[in-house]
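In case you want the letters, here they are:
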Amino acid sequence: MMLQVLLAISAVLFCFGLLAALTRSNAIMVLIGIEMMLGAGNLNFIAFWKFSAHPELLTGVMFAIFSIALAAAEAAVGLAIIIQVHRRLRSVNINRADQLKG
Amino acid sequence: MDIALLIIALVPLLPFLAAGITALLKREQRILSASLVIGAQAVSTVIAIGVFVLTFMINDHRGVATPVAHNFTWLTFGSEALRLGLLRDALSAGMAAMVSFVTLLIFIYSHGYMKQDKNFTRFFTFLSLFSGAMLGVVLSNSLLLTFICWELVGLASYLLIGFWFHKPEAATAAKKAFLTTRVGDMGFLIGMLWLYKASGTLLFYDGGHGCLEQAALATLAKTMVGGIALSNVIALLIFCGAAGKSGQFPLHVWLPDAMEGPTPVSALIHAATMVAAGVYLVARVFPIFEATGAHSISLLVVAGIGAFTALFAALIAVAQTDIKRILAYSTVSQLGFMMLAVGVGHPAVAMMHLIAHAFFKALLFLGAGSVIHGVHEEQDIRHMGGLRKTMPLTFATYTIGMLALAGFPVFFSGFWSKDAILHAAHAWPVSQAPFYMAVCAAFLTAFYMTRQMFYVFFGSYRGHAHPHESPAVMTVPLTILAAAAVLFSLPSTPAWPWFEEFLNGEHAEFNRAALLAPDFLHIAGISLAIVALGLGLGWFVYGRRALSATEPDPLQTACAPLFKALANRLYVDEIYNATLVRGLAILGGISAWADRTILSGAVNGAAGLSVLISYLSDRIDRFLLNFGFDSSCNALREYGGGIASCERGRVQGYLRVIGVGAVVLLALIGWLLV
Chain A
1 MMLQVLLAIS AVLFCFGLLA ALTRSNAIMV LIGIEMMLGA GNLNFIAFWK FSAHPELLTG
61 VMFAIFSIAL AAAEAAVGLA IIIQVHRRLR SVNINRADQL KG
Chain B
1001 MDIALLIIAL VPLLPFLAAG ITALLKREQR ILSASLVIGA QAVSTVIAIG VFVLTFMIND
1061 HRGVATPVAH NFTWLTFGSE ALRLGLLRDA LSAGMAAMVS FVTLLIFIYS HGYMKQDKNF
1121 TRFFTFLSLF SGAMLGVVLS NSLLLTFICW ELVGLASYLL IGFWFHKPEA ATAAKKAFLT
1181 TRVGDMGFLI GMLWLYKASG TLLFYDGGHG CLEQAALATL AKTMVGGIAL SNVIALLIFC
1241 GAAGKSGQFP LHVWLPDAME GPTPVSALIH AATMVAAGVY LVARVFPIFE ATGAHSISLL
1301 VVAGIGAFTA LFAALIAVAQ TDIKRILAYS TVSQLGFMML AVGVGHPAVA MMHLIAHAFF
1361 KALLFLGAGS VIHGVHEEQD IRHMGGLRKT MPLTFATYTI GMLALAGFPV FFSGFWSKDA
1421 ILHAAHAWPV SQAPFYMAVC AAFLTAFYMT RQMFYVFFGS YRGHAHPHES PAVMTVPLTI
1481 LAAAAVLFSL PSTPAWPWFE EFLNGEHAEF NRAALLAPDF LHIAGISLAI VALGLGLGWF
1541 VYGRRALSAT EPDPLQTACA PLFKALANRL YVDEIYNATL VRGLAILGGI SAWADRTILS
1601 GAVNGAAGLS VLISYLSDRI DRFLLNFGFD SSCNALREYG GGIASCERGR VQGYLRVIGV
1661 GAVVLLALIG WLLV
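Line by line, the protein sequences are chains A and B. My numbering applies: residue 1 is where the first sequence begins, and numbers increase by one. My numbering applies: residue 1001 is where the second sequence begins, and numbers increase by one.
These aren't lab readings, by the way, just hints derived from the structure by calculation. Don't take every hint at face value.
Straight-line Cα separation of at most 25 Å, SDA-like style, residue types lysine to any residue; simulated pairs [claimed, not checked]: (1) 1176/B with 1613/B; (2) 1167/B with 92/A; (3) 1176/B with 1555/B; (4) 1175/B with 82/A; (5) 1175/B with 1321/B; (6) 1026/B with 5/A; (7) 1175/B with 83/A; (8) 1197/B with 56/A; (9) 1167/B with 56/A; (10) 1118/B with 1197/B.
Required output: the full structure, derived from the provided sequences and hints.
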């Protein structure tokens, strides 16, 4: 597959993720959107690694694995925050969590 | 990619594909989703049976079963390549044919059973995911691929037990199942990694280089770890995973609770296929268990745990009142029988019982589902009774399943396979204890099944609903499974042990004399006597007169403390709660306390210090610097108020600004570079 195709897929995935993160009011959906953006990033790592000068060095794969581990940690923290918000507000609507305004 | 690999790969891939497509369908597209899933499963069944027939024919010509492995490279790490593969041999082909066939029947049954459920589409997605993963476990030629599919099967089981997650019991049962099997899977994972380290490959068969082939086994048997051969250590670690999945003694607690899921799920996953995967795994890696001889320490453990589980679960089943829980404990007990057969060195016998059990236990569970459906979601056998008149077809098929499970002679597959296990246990030179435990368990099996039959189908109806027979979409699979439970006895008799010899890779001859051999008659006589005793005692206690709605269980009046202990599942759950769960809760409490006092203390101390410093600087500010600033501060406050209105606390607003900022920044950089 061409590099451009992979990058296009990744860009589309990123846009979908961004759209979800910007427009959904359900915190879990926002989290899913963020995961999609991370997935797009991972796809870029893999794509650039696959078409790089030294694909046998596995740098891209290692980066992707790191990033997946990071995404897992991020999801865990995010879900913990959502649970706390739900305990406090009885809702996962992020527009209701606006106590930190100036 | 060669064509044979592709065809075998279709068996698990088709259900996976169907699961993927139905996952995207809408909730209203019920017919489309059901037909997609059932259609994919039907094609996969046809291929699996074709592969089975092909294996059988090749087997017949050559006289020996050579495993045909199709391997391919999955990932390359520098010079190391991680390879996966699919395997076609007698064991995997036979198991795949059975699994796909039973799965197909249960899918059709589910279509009737779940008709009223509003999450019908989701149910079929999960079922199809399960089917693909299970067939992957069966056909895999690599311990790694087995492990991946093994975990997927566990995931599907979790999702399906918790399918009615709005019921708190179902959600708890799902979590319990997932966590309990995870304990065993940890051992499996460690064993797998150790095996990879020791043998350098996870492929089962690889033209002489696989981990189940001579060269690797010899190395494993020679290496010693703390006085035990490495092969036994790895085998026991893998057995941890198998014991978790197959509900063997210390890890059996999840299986009865798993009955909170819909009944077709109990039949498919928690009776016929997934729980048998543990037995299948042990039979698959049997060469590792056997590497240091037929009486290796690992096989002793397997036999001991199997025999103990068989007896222990059969005892508990006697005092249960939930129709599905009785069957669940009976499943645990029968899985113990299979483990016992593997442990005494006869994996082929274990597989024979596994397949016979899959047919009659799926039949019993689907029959139980039909009963539950017919009496309007009632599961307590004390509130049933007399259903043989209102549900004649369910009654007839249930009787066949019950007789097969109890080991009723000659016409039922359960008799021959259980007999073969007793025979194998009797011939075990190490100890006769497992044999006597198995005999007791077989007696109890006949007894508790008779108890259930009399409670459910005889006497007069003690509930409040209006029982009715189930629709044809549910009774037809029952009939087919009943036929299978009877017909499977044909290739399992000692006179024509076709199935066992097929698994052993030998040609079966018809030999009538085997039926009259003295050692066979000896065991068959014992087994006949205990079945007759169990059925007779069951009739004596429960069947002589009709049970009334209010009276306690006759056994309860006979021996109340014992009955109470059995009804409370011998307090295993309570012991776990008092030790493991309580211990973890205390540990959590301690770390929460440490977090609150030590860590929070440090943070609070630092905060207090900075409060003190700011207080001091505030004093300095107020008395030294304040005078000239007041006016400018007021001006700042006005502007600040204007800017603060941008900060509305809307997180998505911030995100939007970040996004726009990033785009502007990128555009700027691009413009500067160009």
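Going through the hints against the structure:
Between residue 1176/B and residue 1613/B the alpha-carbon distance is near 52 Å, which puts this suggested pair outside the 25 Å criterion. This hinted pair checks out: residue 1167/B and residue 92/A have alpha carbons roughly 21 Å apart, not beyond 25 Å. At roughly 31 Å between alpha-carbon atoms, residue 1176/B and residue 1555/B are farther apart than 25 Å, so this suggested pair is violated. The hinted pair formed by residue 1175/B and residue 82/A meets the criterion: a straight-line CA distance of about 20 Å does not exceed 25 Å.
Restraint check for residue 1175/B and residue 1321/B: the C-alpha separation of about 24 Å stays at or below 25 Å, so the hint holds. Using a Cα cut-off of 25 Å, the hinted pair residue 1026/B and residue 5/A is violated, with the two alpha carbons roughly 29 Å apart. For the suggested pair residue 1175/B and residue 83/A, the alpha carbons sit about 18 Å apart, so the restraint of at most 25 Å is met. This hinted pair checks out: residue 1197/B and residue 56/A have alpha carbons roughly 23 Å apart, not beyond 25 Å.
A threshold of 25 Å between alpha carbons decides the hint, and for residue 1167/B with residue 56/A the separation of about 51 Å lies outside it, so the pair is violated. With a CA separation close to 49 Å, the supplied pair residue 1118/B and residue 1197/B exceeds the 25 Å bound.
Checked against the numbered hints given earlier, this structure breaks hints 1, 3, 6, 9 and 10; the rest are met.
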